[in-house]
Amino acid sequence: MADLPDAGTCYELLARMALIRRFEEEAGRQYQRAKAGGFLHLAIGEEATIVGTTSSMREEDYLIGTYRTHGHAIARGTDPRRVMAELFGRVDGTSGGRGGSMHIFDREKRFMGGYGIVGGNLPIAAGLALSSEYKGEDAVTVCMLGDGASNTGNFGETMNLAALWSLPVFFLVENNLYGMGTSVERHSAQTDLSKKAEGYGIPGERIDGMDVIAVREGVAEGIRRAREERRPTILEAFTYRYRGHSAADPEVYRERKEVEEWQAKDPIEAFARRCVEAGVLGEREVEEVREKADETVKAAVEFAEASPEPALESLYENLYVLDSGAGWYAVDERSPEPHRGEREEEEMPEAARRLAEAGAAYAGQPDGPRPNPAEHGDAQEGVEPEVAGEVEEPDPEAEEAER
Amino acid sequence: MATLRMREALRDAMAEEMRRDEAVFVMGEDVGVFQGAFKVTEGLLEEFGERRVRDTPISENTIVGAGVGAAMGGLRPVVELMTVNFALLALDQIFNHAAAIPYMFNGGARVPLVIRMPGGGGHQLGPTHSHSFEALFLQVPGLLVACPSTPADGKALLKAAIRDDNPTIFIEHEGLYGARGEVVDGEGEPLRFGEAAVRREGGDVTIVGILKMAHVAEDAARALAHEHGVEAEVIDPRTLRPLDLDTILASVRKTNRAVIVEEGWPHGGVGANLATLITEQAFDYLDAPVQRVTGADVHMPYSKRLEQAAIPHEEHVVQAALATLEGSL
Numbered sequence: 001m002a003d004l005p006d007a008g009t010c011y012e013l014l015a016r017m018a019l020i021r022r023f024e025e026e027a028g029r030q031y032q033r034a035k036a037g038g039f040l041h042l043a044i045g046e047e048a049t050i051v052g053t054t055s056s057m058r059e060e061d062y063l064i065g066t067y068r069t070h071g072h073a074i075a076r077g078t079d080p081r082r083v084m085a086e087l088f089g090r091v092d093g094t095s096g097g098r099g100g101s102m103h104i105f106d107r108e109k110r111f112m113g114g115y116g117i118v119g120g121n122l123p124i125a126a127g128l129a130l131s132s133e134y135k136g137e138d139a140v141t142v143c144m145l146g147d148g149a150s151n152t153g154n155f156g157e158t159m160n161l162a163a164l165w166s167l168p169v170f171f172l173v174e175n176n177l178y179g180m181g182t183s184v185e186r187h188s189a190q191t192d193l194s195k196k197a198e199g200y201g202i203p204g205e206r207i208d209g210m211d212v213i214a215v216r217e218g219v220a221e222g223i224r225r226a227r228e229e230r231r232p233t234i235l236e237a238f239t240y241r242y243r244g245h246s247a248a249d250p251e252v253y254r255e256r257k258e259v260e261e262w263q264a265k266d267p268i269e270a271f272a273r274r275c276v277e278a279g280v281l282g283e284r285e286v287e288e289v290r291e292k293a294d295e296t297v298k299a300a301v302e303f304a305e306a307s308p309e310p311a312l313e314s315l316y317e318n319l320y321v322l323d324s325g326a327g328w329y330a331v332d333e334r335s336p337e338p339h340r341g342e343r344e345e346e347e348m349p350e351a352a353r354r355l356a357e358a359g360a361a362y363a364g365q366p367d368g369p370r371p372n373p374a375e376h377g378d379a380q381e382g383v384e385p386e387v388a389g390e391v392e393e394p395d396p397e398a399e400e401a402e403r
Numbered sequence: 404m405a406t407l408r409m410r411e412a413l414r415d416a417m418a419e420e421m422r423r424d425e426a427v428f429v430m431g432e433d434v435g436v437f438q439g440a441f442k443v444t445e446g447l448l449e450e451f452g453e454r455r456v457r458d459t460p461i462s463e464n465t466i467v468g469a470g471v472g473a474a475m476g477g478l479r480p481v482v483e484l485m486t487v488n489f490a491l492l493a494l495d496q497i498f499n500h501a502a503a504i505p506y507m508f509n510g511g512a513r514v515p516l517v518i519r520m521p522g523g524g525g526h527q528l529g530p531t532h533s534h535s536f537e538a539l540f541l542q543v544p545g546l547l548v549a550c551p552s553t554p555a556d557g558k559a560l561l562k563a564a565i566r567d568d569n570p571t572i573f574i575e576h577e578g579l580y581g582a583r584g585e586v587v588d589g590e591g592e593p594l595r596f597g598e599a600a601v602r603r604e605g606g607d608v609t610i611v612g613i614l615k616m617a618h619v620a621e622d623a624a625r626a627l628a629h630e631h632g633v634e635a636e637v638i639d640p641r642t643l644r645p646l647d648l649d650t651i652l653a654s655v656r657k658t659n660r661a662v663i664v665e666e667g668w669p670h671g672g673v674g675a676n677l678a679t680l681i682t683e684q685a686f687d688y689l690d691a692p693v694q695r696v697t698g699a700d701v702h703m704p705y706s707k708r709l710e711q712a713a714i715p716h717e718e719h720v721v722q723a724a725l726a727t728l729e730g731s732l
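Each protein sequence line maps, in turn, to chains A and B.
So the first sequence is residues 1 to 403, counted in my numbering.
So the second sequence is residues 404 to 732, counted in my numbering.
Warning: the hint list may mix true and false statements.
[As the list claims (entries may be wrong)] Calculated cross-link-like contacts (lysine to aspartate or glutamate; reagent style EDC-like; alpha-carbon spacing at most 20 Å):
#	chain 1	residue 1	chain 2	residue 2
1	A	K265	A	E25
2	B	K442	B	E419
3	A	K135	B	E445
4	A	K135	B	D690
5	A	K135	B	E425
6	A	K292	A	E302
7	A	K135	B	E604
8	A	K195	A	E205
9	B	K442	B	D458
10	A	K135	B	D568
11	A	K135	B	D433
Calculated from the structure, these hints are not laboratory results.
The task is simple: from the sequences and hints, build the whole structure.
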């Protein structure tokens, strides 16, 4: 077993893991209260993998994740209040309520996003690493992916490109044994996922993802290899999520006993015990870490509840960067009014606001909602519409002329 | 003015922007050593080297995705996909990522990425290399869509696309790469997106055509004038997102008739969209139903005879224009 780092580092590792645990528990509670909607993927049980990874990163390094990334953002230093506000769909959320649980983002902390498409983040990770390489910068991109993503086409394409171009990128497979409800044995022909690295001529290793120090050291070596040797690594960390795939998961694919076995190796409990036994941390400090996590998460919920819902007028904001080179563009060409970006001081027209309130997909309709033809006697029941513009039979003469 | 082929004008646009901005680079399948499947990137590798002209493996989704990531990291990638059909392999990165990221991260990330791709029929490239998917990309909020028909527009629009901070789908027509046209000497200015060109003025009927069909529309307008005494106004939108609807509507309000010509499929096409917009916003000005001339509702056949039958020609446009004038000639 690897040696413990200094007391300050141990305290910080424990504090981050405890905060993520507490945050995720509370997120689950708020989901049950219907404060958070959509899908909610909790990382309870996976804290050592997350914190071990981020604790080996430099500030300038990029991190990019999956759809289970509340903890990753928090571990990178994103304000938990803003993560909670995002789950609540509020303006102070990390994506202003546009992204939700699966799309947390914090450019300042170089957390380049959670992504809802399995494997969709892999090519982007290669691209971020390419940008660092191209600019001659030292930054490494750390890309998290699940065991399920190792079967996607993007996995093969990205590993090949990253290795071929010697990109400063490091891949960590958070192997929690299930791609949603399908176990590794049932979804991957090669169950040793680290061996998939062999096909790309890069190192692949396996570590205990429940041991924060083991993760920290494994990741440090992978990041070093990326930074100094420009060589990607696939590191497979074994971890486990105590909760279902998402908050709506009856968990018919696994036994309660299996969950309990993993809970017995709880990464936070185990690390706290080890620190206390080694005399690096005292019982009081362990208690303090928990209390602080409670306080922080309580404040996060209060903040999220107080944060306003996004204004309806903001519906079209940030769809485009306006006036940035190509000229003005209409957000919606159905508007005969001056296009957004042309006269930006234009307020959202009244008719558009009414439509937005009614849940319509378009803004800028000149005269409010369109009348329903049925109400106005325009509907022509039983009349087959004629198809216009079908191409006619070829004209042999014209064809001749073409030649 | 100099006379250039479309492929040369596009190449010049990339070369000039690469000289101007170190962040601009080109990547794609066979864009370097091979000089591009359609020779659009000819000479770029020699001038800019392998760091900035990058040959990629055949991995469309990852090429585009790496472009997305590089753009988020501050670069300005120009990705070439060998044909518009191959872009279908990259739709996840184009739709779910490039187009969505600026919005789903609330402006926290920008994706200044240009994705170039040739499409269109006429070279017997058959059912997997010659389609027209303008309508597919047109549907996606967050994307800009350019479809130039002349070397001058191709160059100026590509320069604008490269300088713009939004992801841009830049559709080129295989049949226009060799077409010559006048292009201003020297660097020239980028052309603002969302400004249609009125190729020919006329008061009887408005004909809107994109890509190669912009030329077919002009040919048809000449035939209408010579053979039928009909003066058609021909409009080339040049970009579909943003769309210069104002210019099209102004023309329709003058002529009271509209024909839309495209190579794409009829259902849910560029013409279907534009016909709806015209009907919604200029219904009272229309003296006849809007006519569409589209590609046939089939996969592009290989046989020259069948392929030509699947592509709109001048006489189809003439017939459609005359149909809008029925009873008034």
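Legend entry - Agreement of K292 of chain A and E302 of chain A with the hint, judged by alpha carbon distance not exceeding 20 Å: holds, 15 Å
Legend entry - Restraint status (C-alpha distance of K265 of chain A to E25 of chain A at most 20 Å): holds, 18 Å
Legend entry - Satisfaction of hint between E425 of chain B and K135 of chain A, Cα-Cα up to 20 Å: Answer holds: K135 of chain A to E425 of chain B is near 9 Å, not above 20 Å.
Legend entry - Given hint E445 of chain B paired with K135 of chain A - CA-CA distance at most 20 Å: violated, 25 Å
Legend entry - Distance restraint between K135 of chain A and E604 of chain B, which requires alpha-carbon spacing of 20 Å or less: Distance of about 50 Å is beyond 20 Å: violated.
Legend entry - Given pair status - D690 of chain B, K135 of chain A, alpha carbons within 20 Å: violated, 59 Å
Legend entry - Pair hint K195 of chain A and E205 of chain A, alpha-carbon separation not exceeding 20 Å: holds, 8 Å
Inset, instruction - Compare the distance between the alpha carbons of K135 of chain A and D433 of chain B with 20 Å, and conclude whether the hinted pair is satisfied. - result: violated, 23 Å
Inset, instruction - With a cut-off of 20 Å on the C-alpha distance, tell me whether K135 of chain A and D568 of chain B pass. - result: holds, 19 Å
Inset, instruction - Take the C-alpha atoms of K442 of chain B and E419 of chain B, compute the straight-line distance between them, and say whether it is at most 20 Å. - result: holds, 17 Å
Legend entry - Given hint D458 of chain B paired with K442 of chain B - CA-CA distance at most 20 Å: holds, 14 Å
Figure legend: structure checked against the earlier numbered hints; hints not met, in rising order: 3, 4, 7 and 11.
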